[in-house]
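J.: Here is how the chains run, residue by residue.
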Amino acid sequence: MTLLSVKNLRVTFDTEAGRVEAVRGVSFSLGRERLGIVGESGSGKTMTGRSVLRLIRPPGRIEADAMEFDGQDLMKLSERQMRALRGPRIAMVMQDPKYSLNPVMKVGAQLMEGLRQRDRLGHAAARAKAIAALEAVQIRDPARVMEAYPHELSGGMGQRVMIAMMLIPNPDLLIADEPTSALDVTVQAEVLKILDGLVRERGMGLIFISHDLRLVARFCDRVLVMYKGRVVEELAAGDLLQAKHPYTQGLLNCLPRIGGDRQPLPGLDRNAEWAR
Amino acid sequence: MALIEIENLSVVFPGGVRAVEAVSLSVGARESYGLVGESGSGKSTILRAICGLAPVSSGSIRIGGEVLRRDRSFAARVQMVFQDPYASLHPRHTLDRTLSEPLAIHGLGDADRRVVQALEQVGLPASFRFRYPHQLSGGQRQRVAIARALMLEPEILLLDEPTSALDASVQAEVLNLLARLRAERGLTFLMVSHDLAVVDHMCDRVLVMQHGRAVEELPRAALAAAQMQTDYARSLFEASADRML
Amino acid sequence: MTVIEWLRDPNPSSRRQAKLGQAYLGWLRLRRNPLAMAGLVIIGLLLVVAAFAPWLAPHDPIAQNLQNRLMPPGTAGHWLGTDDFGRDILSRILYGARITLAVIALVAVTAPVLGLIIGTVAGYFGGWVDAVLMRVTDIFLAFPRLILALALVAVLGPGIENAVLAIALTAWPPYARVARAETLTVRHADYIAAIRLQGASAPRIIWGHVVPMCLPSVIIRVTLDMAGVILIAAGLGFLGLGAQPPLSEWGLMISAGRKYLFEQWWVATMPGLAIFIVSLGFNLLGDGLRDVLDPRSSGK
Numbered sequence: 001m002t003l004l005s006v007k008n009l010r011v012t013f014d015t016e017a018g019r020v021e022a023v024r025g026v027s028f029s030l031g032r033e034r035l036g037i038v039g040e041s042g043s044g045k046t047m048t049g050r051s052v053l054r055l056i057r058p059p060g061r062i063e064a065d066a067m068e069f070d071g072q073d074l075m076k077l078s079e080r081q082m083r084a085l086r087g088p089r090i091a092m093v094m095q096d097p098k099y100s101l102n103p104v105m106k107v108g109a110q111l112m113e114g115l116r117q118r119d120r121l122g123h124a125a126a127r128a129k130a131i132a133a134l135e136a137v138q139i140r141d142p143a144r145v146m147e148a149y150p151h152e153l154s155g156g157m158g159q160r161v162m163i164a165m166m167l168i169p170n171p172d173l174l175i176a177d178e179p180t181s182a183l184d185v186t187v188q189a190e191v192l193k194i195l196d197g198l199v200r201e202r203g204m205g206l207i208f209i210s211h212d213l214r215l216v217a218r219f220c221d222r223v224l225v226m227y228k229g230r231v232v233e234e235l236a237a238g239d240l241l242q243a244k245h246p247y248t249q250g251l252l253n254c255l256p257r258i259g260g261d262r263q264p265l266p267g268l269d270r271n272a273e274w275a276r
Numbered sequence: 277m278a279l280i281e282i283e284n285l286s287v288v289f290p291g292g293v294r295a296v297e298a299v300s301l302s303v304g305a306r307e308s309y310g311l312v313g314e315s316g317s318g319k320s321t322i323l324r325a326i327c328g329l330a331p332v333s334s335g336s337i338r339i340g341g342e343v344l345r346r347d348r349s350f351a352a353r354v355q356m357v358f359q360d361p362y363a364s365l366h367p368r369h370t371l372d373r374t375l376s377e378p379l380a381i382h383g384l385g386d387a388d389r390r391v392v393q394a395l396e397q398v399g400l401p402a403s404f405r406f407r408y409p410h411q412l413s414g415g416q417r418q419r420v421a422i423a424r425a426l427m428l429e430p431e432i433l434l435l436d437e438p439t440s441a442l443d444a445s446v447q448a449e450v451l452n453l454l455a456r457l458r459a460e461r462g463l464t465f466l467m468v469s470h471d472l473a474v475v476d477h478m479c480d481r482v483l484v485m486q487h488g489r490a491v492e493e494l495p496r497a498a499l500a501a502a503q504m505q506t507d508y509a510r511s512l513f514e515a516s517a518d519r520m521l
Numbered sequence: 522m523t524v525i526e527w528l529r530d531p532n533p534s535s536r537r538q539a540k541l542g543q544a545y546l547g548w549l550r551l552r553r554n555p556l557a558m559a560g561l562v563i564i565g566l567l568l569v570v571a572a573f574a575p576w577l578a579p580h581d582p583i584a585q586n587l588q589n590r591l592m593p594p595g596t597a598g599h600w601l602g603t604d605d606f607g608r609d610i611l612s613r614i615l616y617g618a619r620i621t622l623a624v625i626a627l628v629a630v631t632a633p634v635l636g637l638i639i640g641t642v643a644g645y646f647g648g649w650v651d652a653v654l655m656r657v658t659d660i661f662l663a664f665p666r667l668i669l670a671l672a673l674v675a676v677l678g679p680g681i682e683n684a685v686l687a688i689a690l691t692a693w694p695p696y697a698r699v700a701r702a703e704t705l706t707v708r709h710a711d712y713i714a715a716i717r718l719q720g721a722s723a724p725r726i727i728w729g730h731v732v733p734m735c736l737p738s739v740i741i742r743v744t745l746d747m748a749g750v751i752l753i754a755a756g757l758g759f760l761g762l763g764a765q766p767p768l769s770e771w772g773l774m775i776s777a778g779r780k781y782l783f784e785q786w787w788v789a790t791m792p793g794l795a796i797f798i799v800s801l802g803f804n805l806l807g808d809g810l811r812d813v814l815d816p817r818s819s820g821k
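Chains as they are written, first to last, in the working numbering: chain A, 1 to 276; chain B, 277 to 521; chain C, 522 to 821.
Chain A extracted, bound-state conformation (with noise of 0.2 Å):
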């Protein structure tokens, strides 16, 4: 069952330097599963998942043959379909608490802003539902934590609240861009276990965005490439040791190794028959 289907994405933005065109083309669907976009600055990929929730703003521009989430056409829709979409339906969790957390609320009034004003429950019922949510991300003293300010919490801690607020309304599809990246390489791994949990236990649909190649093989079963605006190839997770194109290729071997030789590190030969 196909919940989000996206043909020939294209984003552009005209700036007073030039035409920039960050998105040249993207087409990929996806059902409840979970998908990965990889690709290193430039390539577009933020810019993919900003345009699925129609984020971007002049003077940006959003362009595409068709996309569609489940059956609604997202390029038709009004500002006020689209509200009503992001959040219940499609939600975005990214990179770093630090910016995306409001830091003059608490957490549990953030947490509760969108339960009383769009579902309109009660202090109560609200509250009961903040903390569930965020026991439902291990958080083990939530009463403690509702009453913090998000520059208290550390990393790890402000990415599950960031998690748990955007899973309470239980979208369908969650777009996570680069949501671990900003985290020490041991709580990495914590919060991508709860996120796995969360996922597979409500079937929702995933995207993740991130620039660590490895880390998304891991985590997801099917993998997208990007490069300057393009999919160069895609795969399934677990064949991404056989991948063909040369860029994932170099992707892959760019990487310093522990007890690797220290030999010069292979770069990317920027060849500019795949920018086309």
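Quick caveat, the hints were computed from the structure, so don't treat them as lab data.
Hints may be right or wrong, so weigh each one.
Claimed, not checked - Label-pair distances were calculated between CB atoms; the ranges are:
#1 Trp728(C) / Ser29(A): 56 to 66 Å
#2 Ser336(B) / Arg262(A): 28 to 38 Å
#3 Phe646(C) / Arg262(A): 45 to 55 Å
#4 Arg86(A) / Ser349(B): 56 to 66 Å
#5 Pro266(A) / Arg510(B): 23 to 33 Å
#6 Glu460(B) / Lys244(A): 36 to 46 Å
#7 Arg19(A) / Ala652(C): 45 to 55 Å
#8 Arg86(A) / Ser440(B): 23 to 33 Å
#9 Ala626(C) / Arg86(A): 46 to 56 Å
#10 Pro59(A) / Phe664(C): 39 to 49 Å
#11 Ala498(B) / Gln72(A): 55 to 65 Å
As the list claims (entries may be wrong) - Covered stretches of chain B (in silico footprint by chain A; criterion: 3 or more residues with CB under 8 Å from a CB of chain A, positions within the stretch not fixed):
#12 448-454
#13 506-516
Quick reminder that beta carbons are idealized off the backbone N, C-alpha and C, glycines included.
Since the structure of chain A is already known, use the hints to place chains B and C on it.
T.: Quick look at chains B and C alone, frame taken from chain A:
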């Protein structure tokens, strides 16, 4: 004789934060020494203390046997490459100005030739000379930062997570560049990273840090063979190795 | 290579070309904002009028003609009417633009520069230097302009120069504060650490590295303040503390016209409109500059 000798260094910031607690290490000439740890481990603070950007509350730092004296001669011996390529170059100065300023401060002439040569040494075209940082990619900016650090021909290069803000493929290029420059110029590196694989690739010895304290020092062979003695070092290794396919 | 191509060259071959290229891109960004362009046009007109007043004005601004006093606008030869001495209001306004421009220029050159220096030095050094400089700033900030102007007039005699002095002496503290606030942010940046590590002295760092980062805020503040400066000069003129008759300073004209406000409204209203339009122009331009000069939008 050790080129950098740190003995029982403690750094306490105003407000009481104890960033570094009684850390000792020594780095020999032409050696590449790594400091590894997670956020809050104090590894970057040690570099800043050497540069005079963090207060030394107790302990000592010696460069070449002499107690640290931060005058012009220090600048000519020790330079630093910072983590964030988007923040380490002055946004309103052209690359030419950024690279020629250290020469002007020290009264070294022949700026034109040296600037062009510096750009070429780090693999950037000379035509970039009058660009502004925002016209460069992250990897290119980091190369300029490296070129700047080498303008005064220091012996010691302090590297504060020089590649963690860069894409993987760009990281590979920058690490290769650093390794090459170190071999060509006989530099001594003191490199901070949270990435064990990077440190393993670039360094001869590694000090693992946690919460401001030194946990374990490992020669590279021990790191590669996973012969750690402390639990923390082991858990760090496992979290990193876990990510190798 | 055409001029535009030269300006847009991604690889400039000299510092001058690089700077002009960036300025050109900034200009393109400003051009997108119609209100800012309107402000620019108004200020442009002010400059043109001030420069060419002798050729544009149909009459001598101080020539009196008591038979033609208080003629309404639209009278032949006096498009904006005449005042109580029969002087042509249009000509007086055109010549008055020179005075307005002079006041603005003098204040803009002195107050922000002084404030910038004091603010950056205070912010960079911190400690007792900061404390002392900021207390001095507070003292000047607390000075009511009018009282200071009165005091200066009492000592030095009335005149437009003393009005400018009074304004300049009380206009610099906000710039010091703005500059200090920016400096406190910039002080911890890696690029400042890098240049310190290279052995740069404090004056070099402050002048070459900190000040350029404070300039956008100060420039925006100057443009927005200019509207206020015009009004203060006009106010001082109105009170008789600034420009003296027969100078055709706009505030003085309003003051002179207030006796006739109900019957011959144009005597006070025309210069009032001039002040309004010029203040509006500065405000619009200042807002537009904020979008162009904001480092956040031109960084990364």
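J.: 39 to 49 Å was suggested as the range; check whether the CB atoms of proline 59(A) and phenylalanine 664(C) agree with it.
T.: For phenylalanine 664(C) against proline 59(A), whose Cβ atoms are near 46 Å apart, the range 39 to 49 Å holds.
J.: Could you tell me whether the CB distance from serine 336(B) to arginine 262(A) stays inside 28 to 38 Å?
T.: holds, 33 Å
J.: Are phenylalanine 646(C) and arginine 262(A) spaced within 45 to 55 Å by their CB atoms?
T.: holds, 46 Å
J.: At the C-beta level, are arginine 19(A) and alanine 652(C) separated by a distance inside 45 to 55 Å?
T.: holds, 52 Å
J.: Per the hint of 56 to 66 Å, is the separation of the Cβ atoms of tryptophan 728(C) and serine 29(A) within bounds?
T.: Holds - the Cβ-Cβ distance for tryptophan 728(C) and serine 29(A), about 58 Å, lies within 56 to 66 Å.
J.: Is 46 to 56 Å respected by the C-beta to C-beta distance linking alanine 626(C) and arginine 86(A)?
T.: holds, 52 Å
J.: Note whether the CB distance of glutamate 460(B) and lysine 244(A) lies within 36 to 46 Å or breaks it.
T.: At roughly 37 Å between Cβ atoms, lysine 244(A) and glutamate 460(B) fall inside 36 to 46 Å, so the hint holds.
J.: Okay, arginine 86(A) versus serine 440(B) on CB: inside 23 to 33 Å?
T.: holds, 32 Å
J.: Alanine 498(B) and glutamine 72(A), beta-carbon distance inside 55 to 65 Å?
T.: holds, 58 Å
J.: Within the region 506-516 of chain B, is the number of residues with a Cβ closer than 8 Å to a Cβ of chain A three or more?
T.: This one holds; 5 residues, not fewer than the three required, reach chain A with a Cβ under 8 Å.
J.: Between arginine 86(A) and serine 349(B), does the beta-carbon spacing fit 56 to 66 Å?
T.: The hinted range 56 to 66 Å holds for arginine 86(A) and serine 349(B), with Cβ atoms some 59 Å apart.
J.: Does the Cβ pair proline 266(A), arginine 510(B) satisfy 23 to 33 Å?
T.: For proline 266(A) and arginine 510(B) the Cβ distance comes to about 29 Å; the hint holds.
Checked against the numbered hints above, the structure violates none of them.
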